[in-house]
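Visitor: Next come the chains, spelled out residue by residue.
Number of protein chains: 2
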Amino acid sequence: MRIACVLAADFEDSEFEDPYRAFLEAGHEVTVIGLRANEPLKGKKSQVTVLTEKSFDDVSPNDFDALLIPGGYSPDKLRAHDEPVVFVKSMMAANKPVLAICHGPQLLLAAEEYKRHRMTAWKTIQGDLKKAGADVVDREVVVDRNLVTSRMPQDIPAFIRESLKVLEAVPARR
Amino acid sequence: MRIACVLAADFEDSEFEDPYRAFLEAGHEVTVIGLRANEPLKGKKSQVTVLTEKSFDDVSPNDFDALLIPGGYSPDKLRAHDEPVVFVKSMMAANKPVLAICHGPQLLLAAEEYKRHRMTAWKTIQGDLKKAGADVVDREVVVDRNLVTSRMPQDIPAFIRESLKVLEAVPARR
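First to last, the sequence lines map onto chains A and B.
Throughout the first sequence, residue numbering follows our numbering, covering 2 to 175 in sequence.
Throughout the second sequence, residue numbering follows our numbering, covering 2 to 175 in sequence.
The hints are simulated quantities; they were obtained by calculation from the structure and are not laboratory data.
Just so you know, not all the hints are guaranteed correct.
As the list claims (entries may be wrong) - Below, simulated SDA-like cross-link-like pairs (lysine to any residue); rule was C-alpha separation at most 20 Å, straight line:
1. B:Lys-166 <-> B:Glu-141
2. B:Lys-132 <-> A:Glu-113
3. A:Lys-131 <-> B:Val-87
4. A:Lys-46 <-> B:Asp-11
5. A:Lys-132 <-> B:His-118
6. B:Lys-45 <-> A:Ser-47
7. B:Lys-132 <-> A:Val-87
8. B:Lys-131 <-> B:Val-142
9. A:Lys-124 <-> A:Glu-141
Stated by the list, open to error - Selected chain B positions facing chain A (in silico; Cβ < 7 Å):
10. Tyr-21
11. Ala-23
12. Asp-64
13. Asp-77
14. Arg-80
15. Ala-81
16. Ala-111
17. Lys-124
18. Thr-125
19. Lys-132
20. Ala-133
Said to hold, decoys possible - Here are the computed distance ranges between Cβ atoms for each label pair:
21. A:Arg-3 <-> B:Asn-39: 46 to 56 Å
22. A:Asp-83 <-> B:Glu-169: 52 to 62 Å
23. A:Lys-55 <-> B:Lys-116: 53 to 63 Å
24. A:Gly-134 <-> B:Val-138: 20 to 30 Å
25. B:Ala-81 <-> A:Gly-134: 19 to 29 Å
26. A:Val-171 <-> B:Asp-59: 24 to 34 Å
27. B:Arg-119 <-> A:Gly-134: 20 to 30 Å
28. B:Ala-81 <-> A:Lys-166: 22 to 32 Å
Every residue gets a Cβ at the ideal spot worked out from N, C-alpha and C, and that includes glycine.
Bound-form chain A, shown alone (with noise of 0.2 Å):
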């Protein structure tokens, strides 16, 4: 599968590091797309530094199969721009399976992709998600149709155990 990550500075290190290198190792190909290609972007705690691969300008949601979308306040930057929040409302629309960890789902509040689907999220941004009316569970994974989203660092096990479960059960359109 071929996944696209949206990732701007200050991402949460190990919500980037940790299912980026389990993606791989499971042989799925992991895209870094920012707001600039070529740009290195260090993580909120700078134990990890990644180079984007591409920017929303060089890619289309057409040429992946599925979104992740790590945690820290990297959400928040990207979703101030609307090429990110459109590339995330047409993976959505599409029902190709999306990844979303910590304040990962503050992408779907922007993209207006939060109604038709249970969720999980940091703990704060459940509030923002309950308020705007969408499902909201307290789990450390939560897996509805196309949609796998966890809380925070401590779910990672269980977000990539849910995730590749996803990946593999969706035929790549390649």
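Based on the hints, put chain B in the right spot on chain A.
Guide: Coordinates of chain B only, in the frame set by chain A:
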């Protein structure tokens, strides 16, 4: 006026420092309250470091006449804990001046204090507030009785100007 400034790490440097200095220069007292007392907090741009004077356990809303909520990542960190949310709710319930900029209104969301006032906020938080049913406008500063809100660092001069007017209009309760 005795102003409580609620702060966590990774605040937007200028949104703390500029109002803080302006309020002191105007003769007000400002007390920096954090999750722990005597903790150095660095701004997200690493331009400003401030030592918290009190923890939420050390103070009561009755000790203060007004509340300042700088933006950046600080408000989302604070609202993950009960004490800051209860503090903000109490200041709003008492109709004391509440001065919130950028991500500051995330604390109004968590405190369930966003339905009685017109407000603005950082663009992404405007979206969350609207989805929650708040009356949101996109202006450099919005004054609605005791509540003063602004969107971003560029709005700081207007935010300070209108905040000082509201502070001067309300008699201190000391």
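Visitor: A separate judgement is required for each hint: does it hold in the structure or not?
Guide: Outcome of the hint check:
1. A distance of roughly 16 Å separates the Cα atoms of Lys-166 of chain B and Glu-141 of chain B; the hinted pair therefore holds under the 20 Å criterion.
2. Of the supplied pair hints, the one linking Lys-132 of chain B and Glu-113 of chain A holds, its CA atoms being roughly 9 Å apart against a limit of 20 Å.
3. Simply put, Lys-131 of chain A and Val-87 of chain B have alpha-carbon atoms about 19 Å apart, close enough for the 20 Å limit, and the pair holds.
4. For the given pair, Lys-46 of chain A sits about 12 Å from Asp-11 of chain B by alpha-carbon distance, which is consistent with the 20 Å threshold.
5. Among the hinted pairs, Lys-132 of chain A with His-118 of chain B is consistent with the structure: their alpha-carbon atoms are about 17 Å apart, no more than 20 Å.
6. Distance restraint check for Lys-45 of chain B and Ser-47 of chain A: the Cα-Cα separation of roughly 13 Å lies within the 20 Å cut-off, and the hinted pair is therefore satisfied.
7. Taking the CA atoms of Lys-132 of chain B and Val-87 of chain A, the gap is about 18 Å. The hint holds against a cut of 20 Å.
8. Between Lys-131 of chain B and Val-142 of chain B the alpha-carbon distance is near 17 Å, which keeps this suggested pair within the 20 Å criterion.
9. For the suggested pair Lys-124 of chain A and Glu-141 of chain A, the alpha carbons sit about 11 Å apart, so the restraint of at most 20 Å is met.
10. Because the smallest distance between the Cβ of Tyr-21 of chain B and any Cβ of chain A comes to about 23 Å, over 7 Å, the interface hint for this residue is violated.
11. Here the hint on Ala-23 of chain B is broken, as its CB sits about 27 Å from the closest CB of chain A, past 7 Å.
12. Hint status for Asp-64 of chain B relative to chain A: violated, with the closest Cβ pair at about 26 Å, above 7 Å.
13. For Asp-77 of chain B, the shortest C-beta to C-beta distance to chain A is roughly 5 Å, which falls under 7 Å, so the interface hint holds.
14. Among the interface hints, the one on Arg-80 of chain B holds; its C-beta lies about 5 Å from the nearest C-beta in chain A, closer than the 7 Å criterion.
15. Nearest Cβ of chain A to the Cβ of Ala-81 of chain B: about 5 Å, under the 7 Å cut. The hint holds.
16. The beta carbon of Ala-111 of chain B comes within 6 Å of a beta carbon in chain A, closer than 7 Å, and the hint placing it at the interface holds.
17. A distance limit of 7 Å between C-beta atoms decides the matter here; for Lys-124 of chain B the minimum to chain A is near 6 Å, and the interface restraint holds.
18. Using the Cβ-Cβ criterion of 7 Å, the hint placing Thr-125 of chain B at the interface with chain A is satisfied: the shortest such distance is roughly 5 Å.
19. Interface restraint check for Lys-132 of chain B: the shortest CB-CB distance to chain A comes to about 4 Å, inside 7 Å, so the restraint holds.
20. Hint status for Ala-133 of chain B: holds, given a least beta-carbon distance of 4 Å to chain A, under 7 Å.
21. The hinted window of 46 to 56 Å between Arg-3 of chain A and Asn-39 of chain B holds, with their beta carbons roughly 50 Å apart.
22. A C-beta distance of roughly 41 Å is found between Asp-83 of chain A and Glu-169 of chain B, which places it outside the suggested range of 52 to 62 Å.
23. Restraint check, Lys-55 of chain A to Lys-116 of chain B: a C-beta distance of roughly 42 Å breaks the suggested window 53 to 63 Å.
24. Taking the beta carbon of each, Gly-134 of chain A and Val-138 of chain B are about 22 Å apart, inside 20 to 30 Å as hinted.
25. For Ala-81 of chain B paired with Gly-134 of chain A, a C-beta distance near 22 Å keeps the hint of 19 to 29 Å intact.
26. Checked against the given bound of 24 to 34 Å, the beta carbons of Val-171 of chain A and Asp-59 of chain B, roughly 53 Å apart, lie outside it.
27. About 21 Å separates the C-beta atoms of Arg-119 of chain B and Gly-134 of chain A, a value consistent with the hinted range of 20 to 30 Å.
28. Distance hint check for Ala-81 of chain B and Lys-166 of chain A: the Cβ-Cβ separation is about 30 Å, which falls inside the suggested range of 22 to 32 Å.
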